[in-house]
Each structure stands twice: as C-alpha cells, then as structure tokens.
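**Q** The whole structure should be built from the sequences, with the hints applied where relevant.
Using full-length UniProt numbering, the first residue of the first sequence is number 1, and each one after it goes up by one.
No lab work stands behind these hints, which were simulated from the structure alone.
In this text, all values refer to a predicted model and were calculated from it rather than measured experimentally.
For every residue, glycine included, the Cβ atom is placed at its ideal position computed from N, Cα and C.
Just so you know, not all the hints are guaranteed correct.
Unchecked claim - Below, computed lysine-lysine pairings styled on DSS-like, alpha-carbon distance capped at 25 Å: (1) Lys393 with Lys376; (2) Lys160 with Lys147; (3) Lys908 with Lys945; (4) Lys376 with Lys259.
Said to hold, decoys possible - Estimated spans, in silico, between C-beta atoms of each pair: (5) Glu728 with Pro358: 49 to 57 Å; (6) Arg375 with Ser679: 17 to 25 Å; (7) Gln114 with Val587: 55 to 63 Å.
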Amino acid sequence: MSETTSAAEATAPHRYTAQLAARIEAGWQDRWEREGTFEAPNPGGGELGGPEDVTSRPKKFIMDMFPYPSGAGLHVGHPLGYIATDVFGRFQRMTGHNVLHTLGFDAFGLPAEQYAVQTGTHPRITTEANITTMRAQLRRLGLAHDKRRSIATIDPEYYKWTQWIFLQIFNSWYDPEARGARPIAELVEQFASGARPTPDGRPWDALTAPERADVLGEYRLAYASESPVNWCPGLGTVLANEEVTADGRSERGNFPVFKSKLRQWMMRITAYADRLLDDLDALDWPEAIKLQQRNWIGRSEGARIDFPVHVTGDGDAAITVFTTRQDTLFGATYMVLAPEHDLVDGIVPDAWPEATHPVWTGGHATPAEAVAAYRKQAAAKSDVERQAEAKEKTGVFTGAFAVNPVSGELVPVFIADYVLMGYGTGAIMAVPAHDSRDFAFARAFELPMRCVVEPSDGRGQDTAEWPDAFDSYEARIVDSASDAISLDGLTVPEAKVAMTAWLGERGIGEGTVNYRLRDWLFSRQRYWGEPFPVVYDEEGVAHALPESMLPVQLPEVEDYSPRTFDPDDADTSPETPLSRNEDWVDVTLDLGDGPKRYRRETNTMPNWAGSCWYELRYLDPRNTEELVDPAVEAYWMGPREGQPAGGVDLYIGGAEHAVLHLLYARFWHKVLHDLGHVSSYEPFHKLYNQGMIQAYVYRDARGFPVPAAEVVERDGEYYFEGERVRRELGKMGKSLKNAVTPDEICAEYGADTLRLYEMAMGPLDVSRPWDTRAVVGSYRFLQRLWRNVVDEETGEVTVVDDEPAEETLRALHKAIDGIRTDMANLRFNTAIAKATELNNHVTKLERVPRQVAEAMVLLVAPLAPHVAEELWSRLGHTGSLTYADYPVADPALVQDETVTCVVQVKGKVKARLEVPPGIADAELEALALADEAVVAALGGAGIRKVIVRAPKLVNIVPA
RNA sequence: GCCGGGUUGGUGGAAUGGCAUACACGGAUGUCUCAAACACAUCUGCCCGAGAGGGCUUGCGGGUUCGAAUCCCGCACCCGGCACCA
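**A** Printed below as a string of structure tokens:
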C-alpha cells in the first residue's frame, strides 16, 4: 500500500498489520460462509432443521433493528449495534446456546421513491443495489449472521405475508369481554342470529351490503374511515400522529401538516391500549422507553358526565364530557366544545340571548355567524400556528346554555380550539378555578369562577385575586353541597369516588378510563410500499382478497410520485401514484359469487408495516404455507421462565423508535397472538438502546461545514485551509462532511480493530464522539495479542507448554471471571479493559504458556473473531472456535494471594497492608493499630471506634 | 411548562457506600533508526515545592454516614421525550 508498510514488513514480515488482518479476515469470512458456521437450526425437520444436540440447547434469539438500505452507504456509527449483538451472540454460542442472529432490510421507503421520481429508475433497482452494497460492507465486519434467514420487506414472498396479516386484522374485531381479537365471522354470526342487535334494530338480513359493511367497519381492527387526518401537502401524503412533530410538521422533510377530513385506512390500536400498557410490566426494557410508551398511551381515569342542553328543533339532548376532576363539578361554570363537534349546529339558537356579554360574541350579529366564522378561522390554522398561539385562548359563545347536573345552574356553552375533537368526547366542563387552561379562557372571556378546592398555599378563596388556577390533589373540597350531595371536607380522591358513585346512581355519568392514544392511520399516498389486498365493488364496499390472490404485486407505473402541492396549501387533497394505472386498478375477479368488476385500493401501507412482524419471519423465512411454523415460533419466541410474554431475547436499536415501531409491532403481535398464530404475546422481551456515535462538525465563518478530515488542530484552535473554524458535536453524515466509513477503518487497521474500538469506546447505551486517532489503541492491543503467540520475524508460534506462574494464573482467572460477567451484561468496554490488562501482563512474560494464550484467544474471540480464529488455528486447532467453550474461572484463582488493605484514620488513607484475603477482623484490626504510620497519624490520641471490613479496609476513628 | 437521563483528568471513559481517575487516546522523555514511521519502555488529575513532601479534587450548595463520585434535599447547566390530552 505504502512504503512505510513494506519497510515494516521487511523488519517484521509476520507482524499483525492491516494487510495481514485483511488476508485473515477475508479468509475466515469465506470459510464461515462455506461451512455455514452461523446457521442456526430450527427444531424438527424442515429446510432449516438441524441436529437435535444443537436444537436441544437453550436458545438465544438476538436481533438488531432493521436497517433501511440507504444509498449513501454506511458510516462507522451504523454498525455499532450490529457489532454489539454480534459480540453478544458469539459469546452465547461459546456458552452453549443455539443462537439465531440475522439481519434483513426494511426496504420500502421514501428515499428510493424520491430517487425514482428524479431519475425514472425503478425503486426496486436502486433498493436492491443498495442492499447489495450494504451486505458487502457488513460482510467485511465479520458479523455472524445466519444468511439463510435474511429477508427484505420488498420481496413479494415477504410482503405476501404482510398483506396476509393485514387481512387477519381486517377480518377481526376486538371483543372487550374476551379482551382480545376474534374473527369478524363470529360477529357477523351474532348479528345474523340476533344475539347482537344491529345499531338501528333492523334484522341483519334487512341491511344492504353497504350498510352491513358500515356496521362491521365500526368493529374491524383495520377499517376505512372518514376522519380528521394529518395531511401534508408538501409530501403529498397523509401521516400518522407519531410521524408529526410537536410543532406540527412532518418528521420527514419538515413540511407543515394540516388536519383534513379524508377517507383513510386506520388500525384500531386503541382497542389494545390497556394491554399495550399493562404488558409493559412483563418486559425487560429501559424504564425511559416504557415511560415514553406509557405517556404516549396516556391512560387517565376519570368520568363521563352528561350535561343537559336545549337543542333547537327537537327538544333536549346532552353534552357528554370527559373529566378527570369530577370532584370539581360544582366549580364547572361554563362548557367548551371542540369547534368541529357534531352537536354544535344543533344547539346554536337564532339570536344571542339577552344581555350577552359583547366579548363572547366576537362581534358577530348572530350565534350562527359567530360559530361559522370561528370554525373557518380555526380550520385555516395549521398545527404550527395553533401551537404558536397556544397561550392565547380563542373561542366564541354558541348562544346555548347547558345545565350543571349537580348544582342545577345554567352554564354557557362555548366553542374553542383549546378543546380537541380527538381526545375524550371533544367536550369539556370548564372549572376555571382549578384548571390553568380554563382559567386563562375564563379571564379572557370574563367568565365566572368558583373555588371548590380549598387552597393550601395560603391564597384566599377569592378567585379574583388569583394569578393562576389552584390545582392540587392534597387539598379538601369546599363549597360543594346541594340538596342531592355534599362533598365538603372530603379530600380530592375521596370526592372523586363519591361523585362518581352519585353520577352512576342518577344515570348521568360513570367512571371511565380515557386514553391519549389514537387509532393508527395506516394508508399512505405513495408508490414504494405494500399494496393493500383490498378491492371495492360497484357499491363501494371493501372486499378482502382471498389468501390465494396474495401477494398483490406493485404494478409498473409511469410516474412514481404522489401529486405534491404547495406545502402551505391546506386546501388540497391526495392523489396516489397507483391510481394512475387504470389497467391495474380496474379488475374483474371472482370472489366467490362469480366474476365481477372491482377497483383496487390505490393507497399503500406505511413504512412501518414491514417492520411490524419481521422477527417472526426470521424464524421461518421460506415457509410458503404459513407465516411461521407454530412449533418453530414456540421454540425461538415462546413464553418461558422469566419471559412470561415470550419474545426476542435481545433487541438492540436506537431510542428513536421508542414509540413508533415498537408500539406498532407490539400491537400486531398481540393480534396474531389472539388469533392463535403465535404463542408469545410480546415480540421483544429485552430491549436495549445503543447510544449514537457522534462526530465533530467544523464550521467556517459562514456557518457551513468544512471537511472534518482536513481540519488541523493548533493550540486548542481548529483550522481549515488556514482559516479558523468552529468545532461542535453533531451527528455523523455526508451533509456535515464528517462521515468516517467502516471501509476506511478496515483498510487502515482491519475489521477486528474497528469492532474492538467501537466496543471499547464506552458503555453501549451512551452516545459519544468518534475519534479516529484513538482507533490505534485497539490496533495495538491486537498487535500485542498476536505477538504473544506468533514471532513477528519468523511467523513461528512461540507459546510454551510450561505451567504458568501463579501470578499469571491469578491474573488470567481474574480476567476470565470479570470478562464473563461483563460479556453477559453487555459491558463490552470494561470487558476489553480487563482483557487489555491481562494482555499487557502477558506481554511482559519471557515466554507465554500455551494455556494462557489459548484462554486469552477464546476470551477475545467474540470481540475480534477473525484474529482469534487465526491464532486458534495456528495454535493447532483444526475447527472454528465459534462453538468452543468460553473459559471458566477457577474460583480459587480469582482472588489474589494477598490483598491490599487500606487503613484510614478519620476516613483518610494513612497506611496500606498486604494481607491474606481470608484474614479475620480481629487480626486485621490488631495489624492496623500496630502499623507505624497509623500510630503516627493517631499521635497518641485515644480510639473511639474501629470499623473493620476485612480484608480491604480498616477505618479508625480517634477520640 | 411537565416527564426522563446526564455533568468524573487535556479527551473517551472506570469505580453504584470502602485506595477516585482502571483501560485507552493525546502529551512528555527515552530505546531502536542515517532519519522518520512503526514498535517498545518510563512518566503524565490539579496546585505549592529544587526536593523530600504537603494540600486540593468527581457541576454548585447543604445533609445522612466512621466513610459519599455513589444515598437524600436544594440549585445551575446540558441532552432526550411530550406539550391546550380535560
């Protein structure tokens, strides 16, 4: 490669150099592939079956989060998790496990589609090329994957089953009594037999097909509905709530998002809210992620309460509110409906009631005008604007009054956009004294307040004096008594119970649980995704295609892009790429009642679909009859001791998927479980979030990134082409000009060095900056390891058959003990530190005993597998060490012969003693008190107390 | 605003109630070399001191304890999530 290397090779032709590493690595990668070393057998026969002595071992199913095969190629941050799972998997193989580890590709997605739009190249072509490139890049890292099990979501034989699962979900309903999904056919039977009445009471047979479809649509777990969705004109597609950022923009592309009413496919994930919440307890996940899921699901306990209201035309109706503060019902002095609430039109009177406060009317002549104007204004606002104006409360009086059911008072009904149609019932009772939002609204509209919870912070009960609402669960209820009920003197929780019971008795309310979670918007107006296995008949009724017609393959189209619009133009609606191919859309099919004309669904599934179940397909990737063989699923994922829900043993990936992917995948898994397809009821037992590898970004005076590789450091300042540049920490990537690729590092040091360095940088779950300069440390470690076994000049193996010295033996066993524990707990950085210490110790020996060398090679094998295999084979072993037994420490040798005992006086170290580990407290105390330095430190003072923690510590407290 | 996580040498980090700074990078000096690189060896938290030695040190302030980076309370700053969720 360069002159320096050839010079090095001349003096030490058998030194562990990048060139030698490259030869070793390529050689072992070929051999592993040839011998199928990492193929994990399934139990039973079948194509992926294997010997029973392997399938009878305890299993470990280890997974990485699915990568998207980006055209940009990998940088060194990408493989961090893959290396970690690989190290862990290799360790598990060496401790007697049947390890399933592979990697597939989440290959549908926007970048390939956008590239296709620009170039006209079919996304399949670019995606497959990217997969090939990425596979080559990953192969170079020596990952121990079972390649037979790798899949890509774009393979028709894979997405056939994605579509099949969609049909399972479509053809199911959630039975709240059974707490689970059941086939829709059972529900149809209930309707047909009359066991369950139809909504309007007519017999099932009397309903038209579209009517029946509508009824069932209310139950199906996958349903099409006309509901407010997140419409993103800039992308030309709708988005799930989870894909919209807090400031109302698209996570991808950062375009404005608008609420728009469109007919779209939804997944009834809300039916599973309680199970998704409860089952988190069974999982070994980081608390932070569990918390994020809990918050996203957002369970809150409260009550529904009916407020009677006069409806124009046909008499009285009720506004149902959801509240968590039923205890403050006496304090409800007005009500608010979401602007788009169905009841609004019905309650608006023709004219303003007499003496209506001018602030309430918004200056409009009639309530109807005011409502119309406010609705228009609210609808035109993007989410971004709404967020920005959140502090300023807006709204308008509807002209109607409702009755507070406990006090009998008339309360005005407003509409305001601070009440959201999508949460609770879309209506609230406002208790301005005890809710800060209601307080702000009441102040703006000069509405009355009533204090019903006694302030415990010293403020009085005169709300006019208050700067803000008083909100506490510790305080007591006041001023809340009527002929019917009195809450006075109760604490908040007591009052809730009492009020809920009272409401229930009167039939005007009931205790309920409400969730923040909304149903999952499941359709996208894109080309590069799974087509829905759904067609519509001439009456517009959706029909599921039979399994025999799967997969529904993507058609060829002229133009891959959805129609996009001015990003700020809310007044637009989606147009899908698939709809342009009329030949594909219009089909004649026989769905059981003779050939008929149908129109295909032209939306595609969102990117999440393929990643919702891929763990299952890894188990049985070539099964053409079933999603997965139940016996195979039970073996790899079934519930067992310590894993009541079953699932993958270790799932490593980034924390950015805390809600989206992990929630969706859990939901699908539960549906499949309910329908009897899988025995586990959670997909991922243990989840671990790896940190991000960050990188320094250097920016010039204009703020543009400059190539990080060409920046030089002088006296703590940074310069690029002589100009001073600013350094900051950021992500690694092409656009920031700071990407370092695994290929570069492999070329300069070898894959084993890269693996070792990435694992040594710090704890796996913490983000940290990449430092190319520091990689050489890991390289030196491997060079020393090599030199401990092989003569750099002759290439001879230099180990001797001598029994190691006791000191060496103790160092070895201490290292084995520590490394085993660290490996099992994913603490690879400290495992490497311990291996380094041992290696450095051995380096100082005149001759290296074979016993020590072999143990050391096995110890580092999971981390640096190629060089370990090479040394293992040079040490005379013929087979791969993949399934060799990981060294086990001899407990007798784990402890040093003597330990250093520190003697403290008043907590400060004054002396050190070398003592045997088994020394008795009394003896150690005597030794410590006799020590010269201790006597001197005490200076003749008396002793009040002596704390002895044999054998490590004595602390003397002088009088 | 609410919730969660964090703050240890020049740098990445180790130590989760008992010797703070393991291991590595960087830096200094030396060996080898015509020289450089590689490799190897020694030193390297900060301050005072020629030295022996002494003092200080885990974001800041308090507390518990014989003993605190570690446990508790308060504060500052950084990172992440959520955000009119009734």
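**Q** Now look at each hint and say whether the structure bears it out.
**A** Cross-check of the supplied hints:
1. Under the criterion of a C-alpha separation no larger than 25 Å, the hint pairing Lys393 with Lys376 is consistent with the structure, at around 16 Å.
2. The hinted pair formed by Lys160 and Lys147 meets the criterion: a straight-line CA distance of about 21 Å does not exceed 25 Å.
3. A C-alpha spacing of about 15 Å is found between Lys908 and Lys945, which places the hinted pair at or below 25 Å, so the restraint holds.
4. At roughly 13 Å between alpha-carbon atoms, Lys376 and Lys259 fall within 25 Å of each other, so this suggested pair holds.
5. Under the hint 49 to 57 Å, the C-beta atoms of Glu728 and Pro358, about 54 Å apart, fit the expected range.
6. Taken as a hint, the range 17 to 25 Å is violated for the pair Arg375 and Ser679, whose Cβ atoms sit roughly 51 Å apart.
7. Hint check: Gln114 to Val587, Cβ distance near 29 Å, so the stated range 55 to 63 Å is violated.
Against the hints set out earlier in the document, violations occur for numbers 6 and 7.
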